[in-house]
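Trainee: Sequence:
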Amino acid sequence: TVVITEDDFSRLDDGEFLNDTIIDFYLKYIQDRLQRAHPEIASSTYIFNTFFYKRLTQRINGVKGAFDNVKKWTAKVDLFSMKYVIIPIHERAHWYLAVIVNLCELGKAKSASGAESGLSRLTCSRPVIFIFDSLKLRHNTVFRPLRDYLVAEAEDKRGIKIERDHIKSKYGYAPAQPNYCDCGVYVAHYVEAFLSKPEAFLPLLVDTQNSKKAVEQQLNRLWEIDQLGSKREHMQKVILELKKEVHSAGVDKYEALPMSDTGIVELMGPQVGPTHAETSEVMDASEGHVLSDSD
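The sequence shown maps to residues 10 to 304 in this note's numbering.
Please note that a few of the clues may not be correct.
What the hints assert, rightly or not - Derived pair list, reagent style DMTMM-like, types lysine to aspartate or glutamate, alpha-carbon separation capped at 25 angstroms: (1) 63 / 100; (2) 179 / 87; (3) 81 / 172.
Worth flagging that the hints you see were computed from the coordinates, not collected in a lab. Bear in mind that the values here come from a model prediction, so they are computed numbers and not experimental data.
Work out the full structure: start from the sequences and follow the hints.
Mentor: The structure is reproduced here in structure tokens:
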């Protein structure tokens with residue numbers, strides 16, 4: 010459940026930084042719309058919440074637990090059946106996005122000898138970790154924990170061993186923000202645009218044959234950059250419309266999700282996890298604990 014307060018809603022005003030509550034809400038909204046419009050994409054997509062990466066990389070009682078910190082998050086899902094895995098990341102007051110594609114190919118390509126054919130090449134059908142950053146910052150330290158997580162996840166859930174270098178990494182081209190406050194808005198937009206037509210994005214994101222300028226022009230059209238200027242207003246309208254629907258149903262407390270009367274489907278389990286990435290308490294999201302908000 011994502012409960013949006015007045016303070017959360019005010020984060021959508023111009024010049025404000027989006028918090029994890031707003032981003033988690035909008036990711037749920039994207040996923041619900043995807044389930045309705047493109048169920049085939051929705052069924053092959055897994056969206057982690059904003060707390061996942063922090064939990065994966067944080068130290069518990071002075072010990073960096075990594076995989077053990079998030080082992081239960083995918084208890085009811087097989088990541089290696091997914092084509093698209095979405096991970097919003099918040100570090101040093103900045104939001105950026107990791108998108109892992111084609112994990113489903115890791116199991117398929119496994120041969121009896123243990124070698125995996127073709128996984129050394131960066132193509133649109135191979136497993137890749139893409140990083141999209143609206144400030145064009147580099148995050149070289151993010152690839153290792155994500156690869157380590159996937160290796161451990163494959164062995165724990167599938168009983169297979171995969172090589173880290175079979176999971177490629179790349180900084181994907183995406184539109185840049187014109188200021189220092191819109192990173193969260195851009196992350197929300199990246200997810201929405203990418204999942205609307207992922208099969209069109211992938212060949213361009215790995216294209217090395219055509220000119221950089223030509224590829225970026227095509228990607229800009231796919232990213233629908235003309236919508237970015239009004240994205241905050243759009244997100245406000247989405248929340249207000251849902252609020253109207255909840256109130257018309259006679260519900261006093263506005264819970265943006267999962268009220269069935271809003272038409273939004275509740276997503277249970279680790280996907281929805283804690284709704285606040287900045288917390289003063291650390292608890293296991295997979296057990297449905299509520300985290301205290303330090304904002």
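Trainee: Hint by hint, note whether the structure agrees.
Mentor: Now for the hints, and whether the structure bears them out:
1. For the suggested pair residue 63 and residue 100, the alpha carbons sit about 8 angstroms apart, so the restraint of at most 25 angstroms is met.
2. With a C-alpha separation of about 24 angstroms, the suggested pairing of residue 179 with residue 87 holds against the 25 angstroms cut-off.
3. The hinted pair formed by residue 81 and residue 172 meets the criterion: a straight-line CA distance of about 23 angstroms does not exceed 25 angstroms.
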